[in-house]
Amino acid sequence: MHEYSIVQSLVDSVAAAVGAREAAVHRVDVAIGELAGVDTALLTTAFEVFRAGTICENAALKIDRIAALWECPRCRASIARGAFLRCQACNEPAHLAAGDEIVLQRIEMEVS
Amino acid sequence: MCQDCGCGDVNLVPLDVQKRILSRNDNVAAHNRGHFLERGIFAINLMGSPGSGKTAVLQATANAFDGDGGGKLAALAGDLATENDSNRVLNAGIRSRAVTTGQACHLDAELVHHELHHLDLAGVEYLFIENVGNLVCPAVYDLGQAVNVVALSVTEGEDKPLKYPTMFAKADLVLLTKVDLLPHLGVSMDAILDSLARSMPVPNVIALSAREGFGVDDWLAWLQRSRVDAFQEVMA
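Taken in sequence, the protein lines are chains A and H. Residue numbers for the first sequence follow the working numbering, beginning at 1 and rising by one. Residue numbers for the second sequence follow the working numbering, beginning at 1 and rising by one.
Please note: incorrect hints may appear among the correct ones.
[To be verified] Some chain H residues flagged as far from chain A (calculated, every beta-carbon gap over 12 Å):
#  : residue
1  : A30
2  : E38
3  : Q59
4  : F65
5  : K72
6  : H118
7  : G133
8  : Y141
9  : V187
10 : M189
11 : D194
12 : G213
13 : Q224
[What the hints assert, rightly or not] Straight-line C-alpha distance at most 30 Å; calculated BS3-like pairs for lysine-lysine:
#  : chain 1 : residue 1 : chain 2 : residue 2
14 : H       : K19       : A       : K62
15 : H       : K19       : H       : K163
16 : H       : K72       : A       : K62
Hint data in this document are derived by calculation from the structure and do not stem from the laboratory. Where a beta carbon is used, it is the ideal one built from N, C-alpha and C, also for glycine.
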């Protein structure tokens with residue numbers, strides 16, 4: 001259960017991005033890949049618990065889940081879910097083109 | 001407030017960030033990695049379920065090296081509590097330090113960095129970082145290692161890699177441990193290898209029995225070859 005530690009890093013990242021601006025954080029958008037090793041439900045719970053007293057106190061968390069995409073690094077053909085992770089045509093090991101993201105995408109701030 | 005019509009709504013301003021949430025950990029991991037490269041240390045992040053045989057692999061490695069191979073091996077042993085694993089590795093002859101994480105289910109780069117200051121690394125060529133027993137969280141945190149090695153025991157079932165795809169997708173090598181138990185289990189080696197080929201792009205697997213010593217030579221040969229490759233890549 002490392003989602004609390006991810007939320008801690010997320011709140012730190014938000015604080016660093018907002019910097020010296022006098023703004024309340026309204027919403028935090030993150031991207032979490034299917035193969036990132038992060039449970040999005042636990043992340044939401046951890047965020048709701050941990051945001052109290054931080055810059056994210058009144059912020060909503062929006063999670064964009066990114067599906068895993070394995071593809072051939074040579075011909076770019078995608079490898080079907082559950083198949084051997086090797087391109088049948090090129091015999092190249094598959095490359096994870098998407099799905100390992102743990103990214104702070106954007107912040108929406110309230111300014112007066 | 002909205003400046004345009006006085007409706008009372010707040011002005012919302014987007015700020016594009018696009019930054020890895022664990023960038024702080026990544027930075028410390030990069031620092032550790034630089035430290036290892038400078039000193040010629042090949043760092044191995046050894047992961048696996050609790051009871052998969054990580055410590056037994058290190059003990060067998062020490063036996064094969066006749067202790068720490070003249071100071072070439074060192075280990076950090078991560079656990080929630082107790083220094084038992086570190087002591088087991090120490091008793092096998094490898095200089096070792098325990099990293100107790102309390103409630104944390106994984107090691108992070110900061111913890112490793114901190115412990116490195118307490119471990120004598122003079123002459124060390126291989127540093128084994130035995131992660132906390134867990135197939136989920138340790139895969140998320142870069143420690144600065146050169147390779148990820150996952151210990152998977154044959155007692156864990158044929159489809160374990162399909163259940164924990166993140167861990168196996170990141171593995172450079174899987175040590176299939178406790179293979180001496182295969183005759184008692186009714187587990188198919190082919191079925192395990194099939195699961196691995198659907199979870200790992202390059203399914204490097206070494207079957208090993210720490211108790212019987214089977215496969216340990218292959219493991220040592222892989223370590224030596226990978227260390228040479230890692231440092232040649234850096235020189236190139």
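Going through the hints against the structure:
1. Every CB of chain A lies more than 12 Å from the CB of A30/H, the least distance being 16 Å, so the non-interface label holds.
2. No Cβ of chain A comes within 12 Å of the Cβ of E38/H; the nearest lies about 27 Å off, and the non-interface call holds.
3. Non-interface status of Q59/H relative to chain A is upheld: no Cβ of that chain comes within 12 Å, the nearest being about 28 Å off.
4. The claim that F65/H lies off the interface holds: its Cβ sits roughly 31 Å from the closest Cβ of chain A, which is beyond the 12 Å cut-off.
5. Residue-level check passed: K72/H sits 31 Å from the nearest beta carbon of chain A, beyond 12 Å.
6. Distance check for H118/H against chain A: the nearest CB is about 23 Å away, which clears 12 Å, and the non-interface claim stands.
7. Residue-level check passed: G133/H sits 14 Å from the nearest beta carbon of chain A, beyond 12 Å.
8. At the 12 Å boundary, the C-beta of Y141/H falls inside the reach of chain A, the nearest C-beta of that chain being 8 Å off.
9. With a least beta-carbon separation of about 20 Å from chain A, V187/H lies farther than 12 Å from that chain, consistent with its non-interface assignment.
10. Every beta carbon of chain A lies more than 12 Å from that of M189/H, the smallest distance being close to 17 Å; the non-interface claim holds.
11. Some Cβ of chain A comes within 12 Å of the Cβ of D194/H; the nearest lies about 8 Å off, and the non-interface call is violated.
12. In this structure G213/H is separated from chain A by more than 12 Å, as the shortest Cβ-Cβ distance comes to about 31 Å.
13. The Cβ of Q224/H sits about 23 Å from the closest Cβ of chain A, beyond the 12 Å cut-off, so the non-interface label holds.
14. At most 30 Å may separate the alpha-carbon atoms for a hinted pair to count; K19/H and K62/A meet this at roughly 15 Å.
15. Taking the CA atoms of K19/H and K163/H, the gap is near 29 Å; set against the 30 Å cutoff, the hint holds.
16. Pair hint K72/H plus K62/A does not hold up; C-alpha atoms about 48 Å apart against a cutoff of 30 Å.
Of the numbered hints given earlier, the model fails hints 8, 11 and 16; all others are met.
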